[in-house]
Structure formats: C-alpha cells, structure tokens
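Residue numbers (numbering that gives the first Met the number 0), protein chains in the order written: chain U, 0 to 40; chain V, 0 to 401.
By construction, these hints were calculated from the structure, which means they are not laboratory data.
Some hints here could point you the wrong way.
[To be verified] No more than 27 Å apart at the CA atoms, straight line, and that leaves these computed lysine-lysine pairs for DSSO-like:
#1 V/163 - V/262
#2 V/256 - V/147
#3 U/1 - V/163
#4 V/163 - V/299
#5 V/261 - V/125
#6 U/29 - V/163
#7 V/192 - U/1
#8 V/262 - U/1
#9 V/102 - V/262
#10 V/299 - V/147
#11 V/147 - V/388
#12 V/102 - U/29
#13 V/211 - V/125
#14 V/299 - V/102
#15 V/262 - V/388
#16 V/102 - V/261
#17 V/211 - U/29
#18 V/163 - V/192
[What the hints assert, rightly or not] Some chain U residues well away from chain V (every beta-carbon gap over 12 Å; in silico):
#19 1
#20 20
#21 35
#22 36
[Stated by the list, open to error] Short derived list, chain V residues pointing at chain U, Cβ under 8 Å:
#23 68
#24 117
#25 164
#26 176
Cβ atoms here follow ideal geometry from the backbone N, Cα and C, with glycine treated the same way.
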Amino acid sequence: MKAILAGAAAIIVIGVGSYLILSEMGFSAKETYAGDSVRLD
Amino acid sequence: MLRLISTLALLFALALPSVAQQAELATTPDRSATGGAQTLDDVMARQRGEAVDDEFRREATGDPDSAAGTMDQLGTLGGASDPELWRALRFGTADVTVSTADKRGRVLVQDGGMWWLKIRQGPLIKYGLWLLAGTFIALALFYLLRGKIRVEGGLSGRTVERFKFMERMAHWTLAGSFILLSITGILGLIGRKFLAPTFGLEANATLLMVSKFIHNNVSWAFMVALIAVFVMWVLHNLPSRTDLVWIAQAGGIVGSKHPPAKKFNFGQKIIFWSVIILGASVSLSGLSLLFPYEITLFAKTFGLFNDWGVTALVGLEPLPTQMSPQEEMQYSQLWHAIVGFVMMAIIFGHIYIGTVGMEGAYDAMGTGEVDEAWAEQHHSIWLEEVQAKQVLSKSRASTPAE
C-alpha cells in the first residue's frame, strides 16, 4: 500500500512540477499562438 | 526503428477504410450534362455522406496561360474563375504567397482535415472501444473456463522478497499515470460525439478541459516512470533459453505443468517489451501533440517506407511525403490514440493475471513479498537464485573475520 501511495504522490509531484515549469516557459497554446489582439476568453 | 514499427501498424489501420472506399468508387458517373463539372447527383451523394471521387475536378483550377487580357471581360481573374481559385486552394495547388515564413500560414483551406475528422469520429472510436470490450469479454470467458490459477499444494507461509520498494513505486507511478491517461484520453476522444449530446455542450467542455489538463500534466509522470522501469528491469527481460521451454508449454496455460522461469517469464517479457516499445511510441506522438508543429514524425517515416518498398509490399500506393503541418499533427493524434488503445488492451490482460487470474500474484507488487510456494511454481529458477544468495550471505555473516 505504501508503494501505491508513493506512486500516487510521485504522479502529483511530477505533474505539478511539470505544470509549473512549462507555465513558466510559456508553454500554453494561448501564449504560444495568440497575441494581444486575439480574444480567447 | 520505433517510427518504423509505428508507421507499419498505422499503414494497416489506415489501409482498411481506403480499400473499402476504392471499392465504392468503382463506377464513374456520367457528367456529360454538366460538361464534366460536378452534377446534382455528386452534391446529393456528398450530402448523404457517401464517398465521391473528386479526381475529375481536382485539376480544374483554371488556365492562366489562356487568360483574357486584363482590360477584357473577366481578364482580372487571370484565367481562373472564383470557383476554380477556391478549388485550387482547397486541393492545395494554389500558388499562395503570405507574409509569414511559417508554413502553417500558407494553408488557407485544410482539406486533409476532413478524412482525419471522419476516421477520428468513426472507425477510431468504434474499433478502439470494441478492442477494449472484446479483450474484457475474452478475459471474462477465460476466467470462466480456466478459473483462478491456484498455488498447488497451498501457500507455504514463508515469503521471499520479489520487488524492492523503489521498483514497486515506479510500477505504481507508471500504472497510476497510465490509468489516468487512459480515462482522460478516452474522454477526449468520445466527448464530442457521445458525452456532449447526453450531458450538454457546457458540461462536456468543462469535463474535457479538466481531462486535457490532467492528461497533459500526468503524461510526464508516465514518461519518467517508463524510463525508470526500463532501467530497472531491462536486464531481466532479455531473451533467454528458458523462454523456449515456457513457449513450448504455453506458459502453463495448457495442461498442468508450470515451466521454470527466472525473475520474469516469457509472458511477462512480452508485457514488458510491449509497454516499453508502445509506451515510448505513445510518448513520442504525445510530445508531438504537446508541442504542436515542433516535432514532426510522419512525412519522413512515410518517405522511408516508400523508399524501402514496404508500402508496395503490402499493396498500397506510396504514402504522402509532402504534407501540411496540420496533417502531421493529425497523423500524430491518430497514432497516439491507436497505440493507446492497443496498450490498454494489453494492460487489461496484465491486470487480470496480476489480480483475479492468479493466486498470490498481487503480493509481488502489493507488499513486495511473495509466498515461496508461489515463487517455486512460477519462478523456480529465480527462487533458487534468491535462496542461494541468502545461504551465501548467512554463511558469510557466521564466518568470523580473520
């Protein structure tokens, strides 16, 4: 059971980490392919 | 190599609808009444969703060489009428000049999007879900016929360590991320067609937004765990002579014999290499989708297949080697889904044998400790190696240092 929980924790940690890193890099399609003159929201 | 295997399977998958389409287009309709242009029958057939061969009008994009002078009637159109110009744009033969250097900007009408959309919403969902349902039914039938594989003579009560904590953690990271990716991937595929009509567009949009967020971010855990599992277990999964005995006895499925095996038997090796190869392939196409237009996989691979004569060997026309950036993404999406479905079906089998299918199997990944009787029955050579090591370490510990 500990290994399953550790695996779940790893998924969350890696997922959140990659989200933060990629967001910092301007990864989203909105940031990559749209400019100020495009209204997406 | 990975690309080649990927493309070969994709070729077969894509060949089926095209063969069916060719059979439907065997007869050419009479278009003499319209001077060769499309007829009302063509329009009506298209509206009924039938396949209409557009070869007869694909090249009808005007003739600039015989254009009227610019001062003459219609001369400013340069020898092509408006419909002919739009036709050229649609079939990708128009000479488009745009200010951006980005290749995507030159695609004004993406005609290739239609076949992709049809396959995505039709055969891909249909055969993908049938594959999963068929696998599930086959496993259920197998369980009814064969029942749970018991440990002969019962459990011994003595255990031996099968997998260390790090191995189990990597396994569960891979397993957990794969389950999340599978569920969110299927939702993304079927949402528009099945969920939106039932739950409404708003609910579907919200669900898919969350699904996509999970899918994109959990994918990294899958890739990290895949690499970890590969590094930890690759040496144990190399082919060995004992695999031949396992194959000869069909892994013990047929009859009552239990073939000897090392840490992983041949069946587990198949699962391992399937997960590694398909996992790497689905990761590659996934990265292509995560970073759109940055990673292109298919035009080059198709070119290799054409050059090596693989496409001719399976009776297909040469595959397209010139494709728009959008088409590259479409192939990536199709391939990603096809590999995903195949992996899910394989993992169904893996989950079955690791839980309800075999007594004592779950403990290997649960606690990491397996019963010696189970190990003797399914991994006898491995058990002997482990016990020999235990004896050796005990004798070393009991021998006083000189």
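Okay, the hints, checked on the actual structure:
Under the criterion of a C-alpha separation no larger than 27 Å, the hint pairing residue 163 of chain V with residue 262 of chain V is consistent with the structure, at around 13 Å. At most 27 Å may separate the alpha-carbon atoms for a hinted pair to count; residue 256 of chain V and residue 147 of chain V meet this at roughly 15 Å. At most 27 Å may separate the alpha-carbon atoms for a hinted pair to count; residue 1 of chain U and residue 163 of chain V meet this at roughly 12 Å. Note on residue 163 of chain V and residue 299 of chain V: the hinted pairing is violated, with a Cα-Cα distance of about 42 Å set against a maximum of 27 Å.
Annotation: proposed proximity of residue 261 of chain V to residue 125 of chain V is violated, straight-line Cα distance about 40 Å (limit 27 Å). A hinted pair counts as satisfied when its Cα atoms are at most 27 Å apart, and residue 29 of chain U with residue 163 of chain V does not qualify at roughly 43 Å. Between residue 192 of chain V and residue 1 of chain U the CA atoms are separated by roughly 40 Å; this puts the pair beyond 27 Å, and the hint is violated. Simply put, residue 262 of chain V and residue 1 of chain U have alpha-carbon atoms about 23 Å apart, close enough for the 27 Å limit, and the pair holds.
A threshold of 27 Å between alpha carbons decides the hint, and for residue 102 of chain V with residue 262 of chain V the separation of about 51 Å lies outside it, so the pair is violated. Distance restraint check for residue 299 of chain V and residue 147 of chain V: the Cα-Cα separation of roughly 48 Å exceeds the 27 Å cut-off, and the hinted pair is therefore not satisfied. This hinted pair does not check out: residue 147 of chain V and residue 388 of chain V have alpha carbons roughly 32 Å apart, beyond 27 Å. Distance hint between residue 102 of chain V and residue 29 of chain U is fulfilled; the C-alpha atoms sit about 19 Å from each other, no more than 27 Å.
Annotation: proposed proximity of residue 211 of chain V to residue 125 of chain V holds, straight-line Cα distance about 21 Å (limit 27 Å). Distance check on the hinted pair: residue 299 of chain V and residue 102 of chain V sit about 17 Å apart at the alpha-carbon level, within 27 Å; holds. Of the pairs offered as hints, the one joining residue 262 of chain V and residue 388 of chain V holds, with about 14 Å between alpha carbons and a cut-off of 27 Å not exceeded. Distance check on the hinted pair: residue 102 of chain V and residue 261 of chain V sit about 53 Å apart at the alpha-carbon level, beyond 27 Å; violated.
Under the criterion of a C-alpha separation no larger than 27 Å, the hint pairing residue 211 of chain V with residue 29 of chain U is consistent with the structure, at around 14 Å. Proposed proximity of residue 163 of chain V and residue 192 of chain V is contradicted: the alpha carbons are some 44 Å apart, above 27 Å. Listed as a non-interface residue, residue 1 of chain U fails to keep its Cβ farther than 12 Å from every Cβ of chain V; the least gap is roughly 7 Å. Non-interface call for residue 20 of chain U relative to chain V: violated, since the shortest CB-CB distance, roughly 9 Å, does not exceed 12 Å.
Every CB of chain V lies more than 12 Å from the CB of residue 35 of chain U, the least distance being 17 Å, so the non-interface label holds. Even its closest Cβ contact with chain V, about 15 Å, leaves residue 36 of chain U beyond 12 Å, as expected for a residue assigned away from the interface. Restraint check, residue 68 of chain V versus chain U: the minimum CB separation of about 41 Å is more than 8 Å; hint violated. Because the beta carbon of residue 117 of chain V sits about 24 Å from the nearest beta carbon in chain U, more than 8 Å, this interface hint is broken.
Annotation: residue 164 of chain V was flagged as interfacial toward chain U, and the flag holds, the nearest CB pair being 6 Å apart, inside 8 Å. For the restraint placing residue 176 of chain V at the interface with chain U, the shortest Cβ-Cβ distance is roughly 5 Å, inside the 8 Å limit, so the hint holds.
Consistency with the previously given hints fails for numbers 4, 5, 6, 7, 9, 10, 11, 16, 18, 19, 20, 23 and 24, ordered from lowest to highest.
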